[in-house]
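Those protein sequences? They're chains A and B, same order as listed. For the first sequence, position 366 matches number 365 in numbering that gives the first Met the number 0, and the numbering has no gaps at all. For the second sequence, position 328 matches number 327 in numbering that gives the first Met the number 0, and the numbering has no gaps at all.
Since the hints were made in silico from the structure, they are not lab data. Wrong hints could be hidden among the right ones.
Not close to chain A: a few residues of chain B, all C-beta gaps over 12 Å, as computed [claimed, not checked]: (1) G17; (2) R46; (3) L198; (4) F204; (5) S282; (6) S290.
Partner residues are not named here, just some residues of chain B that face chain A (Cβ under 7 Å, in silico) [unchecked claim]: (7) R26; (8) V58; (9) R101; (10) T104; (11) L105.
Think about it this way: if two alpha-carbon atoms lie no more than 25 Å apart in a straight line, the pair counts; the simulated SDA-like pairs of lysine to any residue are [as the list claims (entries may be wrong)]: (12) A:K67 to A:R91; (13) A:K221 to A:L265; (14) B:K68 to A:P355; (15) B:K162 to B:S38; (16) B:K68 to A:H393; (17) B:K179 to B:Q51; (18) A:K221 to A:G242; (19) B:K200 to B:I234; (20) B:K200 to A:P345; (21) B:K136 to B:G322; (22) B:K200 to A:E116; (23) B:K68 to B:D306; (24) B:K68 to A:E317; (25) B:K200 to A:K67; (26) B:K68 to A:R91; (27) B:K68 to B:T161; (28) B:K200 to A:A119; (29) B:K68 to A:G315; (30) B:K68 to A:E314; (31) A:K221 to B:V39; (32) B:K68 to A:P345; (33) B:K68 to A:K67; (34) B:K68 to A:P120; (35) B:K179 to B:G322; (36) B:K136 to B:W275; (37) B:K179 to A:G341; (38) B:K200 to A:P120; (39) B:K242 to B:R317; (40) B:K68 to A:E357.
Ideal Cβ positions, reconstructed from N, Cα and C, are used throughout, including at glycine.
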Amino acid sequence: MSVGVIDRGLIYLDHAATTPMRPEAIEAMQPFLADVYANPSGSHRFARDARRAIDEARDAVAAVIGCKPGEVIFNGGGTEGDNTAIFGAVRRIQATGGAATAVCSAAEHHAVLHCVEHLAPRGAGIVVGTDDGGCIATDELADVVRRLAAEGTVPVVSVMAVNNEVGSITPLDEVARVVRAGASNAILHTDAVQAACWLDLAPLTASVDVLSLSSHKFGGPKGCGVMFQRAGVEIEPLIFGGGQERDRRSGTHNVAGIVATAAALLATAAERATESARIAELRSELVSGLLAIGGVSATVPADRSVPGIAHLCIEGIENEALLFLLDEAGLCASAASACASGAMEPSHVLAAMGVPRELARGALRLSLGHTTRRSDVTSAVGIVGAAVARLRSHTRA
Amino acid sequence: MSGGVDSSVAAALMQREGHHVVGVTMRLWGGESDTGCCSVSDVDDARRVAQQLDIDHLVFNFSDDFQEKVVDPYVHAHATGVTPNPCIECNRSLKFSRLTERADTLGFDAVATGHHARLVRNTNGETRVHRGGDAAKDQSYVVHMLTGRELERTLFPVGDMTKAEVRALAAELGLRTATKPDSQDVCFIPTTGGRETFLGKRIPFHSGRVIDTEGHDVGRVDAVELVTIGQRRGIGLYKTEAKRFVVDIDTTSRTVVVGTESDLRRTGLALHSMVWAGGSPESGRYRVQCSAHGASLPCAVEVIDGDRVQVTLDQPHRRVAPGQSAVLYDESDAYVVAGGLVSAASAWPASVGATA
Chain A
0 MSVGVIDRGL IYLDHAATTP MRPEAIEAMQ PFLADVYANP SGSHRFARDA RRAIDEARDA
60 VAAVIGCKPG EVIFNGGGTE GDNTAIFGAV RRIQATGGAA TAVCSAAEHH AVLHCVEHLA
120 PRGAGIVVGT DDGGCIATDE LADVVRRLAA EGTVPVVSVM AVNNEVGSIT PLDEVARVVR
180 AGASNAILHT DAVQAACWLD LAPLTASVDV LSLSSHKFGG PKGCGVMFQR AGVEIEPLIF
240 GGGQERDRRS GTHNVAGIVA TAAALLATAA ERATESARIA ELRSELVSGL LAIGGVSATV
300 PADRSVPGIA HLCIEGIENE ALLFLLDEAG LCASAASACA SGAMEPSHVL AAMGVPRELA
360 RGALRLSLGH TTRRSDVTSA VGIVGAAVAR LRSHTRA
Chain B
0 MSGGVDSSVA AALMQREGHH VVGVTMRLWG GESDTGCCSV SDVDDARRVA QQLDIDHLVF
60 NFSDDFQEKV VDPYVHAHAT GVTPNPCIEC NRSLKFSRLT ERADTLGFDA VATGHHARLV
120 RNTNGETRVH RGGDAAKDQS YVVHMLTGRE LERTLFPVGD MTKAEVRALA AELGLRTATK
180 PDSQDVCFIP TTGGRETFLG KRIPFHSGRV IDTEGHDVGR VDAVELVTIG QRRGIGLYKT
240 EAKRFVVDID TTSRTVVVGT ESDLRRTGLA LHSMVWAGGS PESGRYRVQC SAHGASLPCA
300 VEVIDGDRVQ VTLDQPHRRV APGQSAVLYD ESDAYVVAGG LVSAASAWPA SVGATA
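With the rest of the complex left out, here is chain B (with noise of 0.2 Å):
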């Protein structure tokens, strides 16, 4: 129970169903944060659903793991120029796993969460990651690394259900946590100073070369370690031209590549650390979401081994920064088939005849 309203009315719905409920609110990140996750009030508004609910409330504290999970990796791969989605490594090693373990250890059958995404048997009798029921809050994405034994003990009560039933359900329940608004952030990270103060307490920043994809240099800029794919402004050009965004980055020699909107486009994707639903990986046709929001894609998928795939957009898109996860689903977009690591392999401009 994070204290949002999805959580508090997956527990009231596990508790309607009749299962003795115990809610767990994670305490994650032990420092300076205002973005208001794992603060005083989430928890305060998760133990007084709880309360209401009449069922017990506890709080985990994860920090340590939290720190050594999440926070530390997304730091240090922020210096070797690779940008790893948080909210996901969290669930992969924290939510769906530390605290799984939690509640296996303490004699717990499930956990439920408020994930926006469905568990749905298939004619093989396996369980799938679906979409949720609100293609909108759809949250399939970030809980996609699900499989196995880990699908068969938890559970998303709110899955098929939209936010707006779930607020409905939540004021006709009359919990406080109605009409809260969705988090957005990354947790840890401050909105004051953000990303750039954040990462600048923890890895040194190096200033770099700007080139062009002909290799001239067209600028400078102050921090190659906050340079993302795709980015538009702050990149130190020295004259303003056409539209020039950032098409790749080498934190080793300290260059940021620059080009047009065309150069960021690509078919090919190369994937890594590759999770199949199904334990096996299979070459077909898929679609592809790389962003929590983001349209899915349709693709060809070709298995390199058992972690890596090679991705081929039908369309050209916009280059995914490397560390971001990539998650396939069927060809109905339907469900979950896989999910993966963009990997940094495919660097400017040595592929870009390849890939372009």
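The shape of chain A in the complex, shown without the other chains (with noise of 0.2 Å):
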């Protein structure tokens, strides 16, 4: 057995950070890591065998996610998947005369907060409210849309399919609706990061412009993402250089991340529905079971979240402490997003959704996975409330 977790004696929950890669990713990727190491772009024939593989990959994952293979673009990761679709898209438009600006909600990913922060103040970003799950508020974003449209700018939407923190999926389908209904010209992207695992991706798919994956979210390994961009609509690329991917993204291609992606793709599409019942269980006995501590919320209901993703908010503690000493019982989980320097930043999404600071400071994200097994569900049950009723105990009155 390889997997590191599971010989640490580490109880992993923390699946929407990364998940553990998947054996047929693993196995996927070994040749090219080793044999097959020759450019996919030369003429000879070591090149063609590694050329056959980025083929054969991307006609797979353009079956899981409901494509053309021509529209599937290999990149380097959710990030850059965010990046390319929201600059891509403006600086396209801008590029052609017209006028552009980003929208997004801002319970986004900093992978689209930012970008579309970065805009704002060159008047081409506006961040928008969310609902009380943290989903994009629908009518405050219908106004703005119709107002872009009514000034002659292009609205470049970006909303999240399912939120990295608190679980909560965005009905993507009604959110299309609002934007086409607003802007027959817009563009929308989706941030389809953590829904690979527990959604199926073609309604998503079709619902969008461009869609952006990450490889290592559903088993694949990091630094390798992909891209869906929508025949007919028109971005910048981010990187330029040697013309690979149709000019949509430059750069000698990881062919061995590339084969892993496909095959953690593949994977992960045909185990999603069985995964997703097994792993909505274990959450369920999860959340009572933290719930049952007292004093502690699930921060959005289950039937309007992933399977994978238990959020809560826990009163009277901050969880930085809880954090070190789930850590130290062998638990690992997460609470807010992390800054460069690696403490614990505010969360921005309990923010726009209203939760108080206060709360906030209480708040833990365990994520579950391929990997999750009824004992570690367990096991986590105990360590947060021993870990909860002794930092209550240690609470000044």
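With the hints as a guide, dock the two chains, each given alone in a separate frame, to form the complex.
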């Protein structure tokens, strides 16, 4: 058994941060790390072997996400996809003499939010609010899109399919209706990074113009990603060079990573229905166990979130201290996102949802995935319960 | 672990003694900074040292508390003509309060820091903060507020060492921080723009009259809030005469008083918010130190009440700005007896006769 977390005796409930690689992916990439090292852009037979592997991977990915192979771009991950979609779409419109404004919600992943905030001071970025589940406020979005359309500005809207912190699922079809109704020329992108394990991707793809995925969130390797770009939708590349990926993303192909991405996505898609049901049950056990501690609330109702994420707010504790105790007990969990120094930052998602800062200090995210077993959940409930009791007993009255 | 050499070596020494050591870096300042403090590269240094020592390293985000307990009071104090020492307030409210409470909660027995001060148990079995082994680097002044239970769970592993010894040990251990320069400035105030820009974004500035000690108008300043006691330059005098120093500031009437250096010299010093190492205030002869690396001065101290004392220096000395910390040491200048804040009470010119 080569899965490190089991060897270390750790309970890994941080799948939303990254998933352990699927054995299928590890196996698939091996030949391309060692034997088939050729550059797929070459013109010799050795290169053609590598090229074929990429073409097959592209077909496989296209089948899973429900698009044509030519609409699949292999890139360096979710952040790159998000940046390319937003900056690339805005720049293309501007390059052709038009005006464009990027729009997203305040609860987006920083890979989207920081792009829009970067454009905001130049008048080309608008951040809108969310509902109490962290999903974009569609009324406000509709207003913004209509207003931009009336000004002759093309809205470039980016809406996450699943929130990475609290797990809430955005009704993308409804978002798409609102956006299309407000501006027929709008470009709609979705960061579907947290959706890949839990949602059928084809309906998401059908709703949007651009979609971003990150391999390591579904059992693939880090540093690899997939972007769907609908045929006819024009986006400037972020990276120029040798013209790989039909000039949409230059740079020598990461052949092993691409092959592993396809293998992981195929395996994920094949098991999605059974895994979703299994994990939903485990999450339900986990959440009821944690609610029994008392002073604990589930941030998003189960029916509005993906099975893999249990997000809770625990009263009377600080999650920085909690995470230390969980770590000591061998439970890998997370709270909000960490800044560059590694310090926990107050969650922008919870702030957008209107969760009071004091309660948000006690936020805890436990995220489950393909390696999660019932014993992990049972142990986690005990570990969190003991840690919370200890922290609460030390809190000054 | 700030990412500096002293805390790096402190961690190494604790580990050498066989303790289970976890390195902690506090993230304090959430805003812009170019002084290097709280910077990602400092945290990187701390983490790399921890990795080298094979100890865990954590970053605790106390930026909310830092804002509330250190930055906001610092800013608001300036609006009233009081200039606190933010490093001391940080030690008081964050390092030896918030952090030690967190450590306590998480089951740690002690918090060790890289301060150059020594903790010595006296014949009564009580621990006192003594000056560090390196007189030039002594930091007992900035940790003077530690008393009682706090002292029992605080450790200063490098307190006996000279800075040169600390650096030599760091080099011997191959720690990347061995030759890193000491930090100097207030961590949250950018070196570009400085205090003026920092405060200007946070409090309104008011222009004010500049008068001499007889009450004659002699100039104007743009921002009374930026003037400090003892200042010589930039005080907007109409004509330059003999050396003039700021000897008093009244932000309420927006008046700055200038005078000669001898006008600035006082023997009287009123202190409030006193913290006594032994718990009970005691009048007597001490030495008083009014800045981090200033000399201590012999003085007589009269206790007014549990919170306040009146200090009389043996020799007149330049007036100390209200809000600064004054630390009393024993007569032999070895250890901290008490500490407090300089009061704004001795307003010019009413108390001239009494204190000059």
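These are the hints, each one checked on the structure:
1. G17: Given a closest Cβ separation of 19 Å, the condition holds.
2. R46: 7 Å, violated
3. L198: 25 Å, holds
4. F204: For F204 (chain B), whose nearest Cβ neighbour in chain A is about 27 Å away, the distance exceeds 12 Å, so it holds.
5. S282: Correct as stated: the minimum Cβ-Cβ distance to chain A is 35 Å, above 12 Å.
6. S290: Fine: 30 Å to the nearest Cβ keeps S290 (chain B) off the interface.
7. R26: 4 Å, holds
8. V58: 4 Å, holds
9. R101: 6 Å, holds
10. T104: 4 Å, holds
11. L105: Holds, about 5 Å.
12. A:K67 to A:R91: Holds. K67 (chain A) to R91 (chain A) sits at ~22 Å (cutoff 25 Å).
13. A:K221 to A:L265: Distance of about 17 Å is within 25 Å: holds.
14. B:K68 to A:P355: Roughly 21 Å separates the two Cα atoms, so the pair holds.
15. B:K162 to B:S38: Holds, at roughly 23 Å.
16. B:K68 to A:H393: 22 Å, holds
17. B:K179 to B:Q51: 17 Å, holds
18. A:K221 to A:G242: Distance ~23 Å between K221 (chain A) and G242 (chain A) Cα, so the pair holds.
19. B:K200 to B:I234: 21 Å, holds
20. B:K200 to A:P345: 24 Å, holds
21. B:K136 to B:G322: 23 Å, holds
22. B:K200 to A:E116: 22 Å, holds
23. B:K68 to B:D306: 20 Å, holds
24. B:K68 to A:E317: 18 Å, holds
25. B:K200 to A:K67: 54 Å, violated
26. B:K68 to A:R91: 48 Å, violated
27. B:K68 to B:T161: 32 Å, violated
28. B:K200 to A:A119: 22 Å, holds
29. B:K68 to A:G315: 21 Å, holds
30. B:K68 to A:E314: Holds, at about 23 Å.
31. A:K221 to B:V39: Cα-Cα ~23 Å, so holds.
32. B:K68 to A:P345: 18 Å, holds
33. B:K68 to A:K67: Judged against 25 Å, a Cα distance of about 58 Å means the pair is violated.
34. B:K68 to A:P120: 32 Å, violated
35. B:K179 to B:G322: With Cα atoms ~31 Å apart, K179 (chain B) and G322 (chain B) exceed 25 Å; violated.
36. B:K136 to B:W275: 23 Å, holds
37. B:K179 to A:G341: 22 Å, holds
38. B:K200 to A:P120: Status holds; Cα separation ~20 Å.
39. B:K242 to B:R317: 14 Å, holds
40. B:K68 to A:E357: 17 Å, holds
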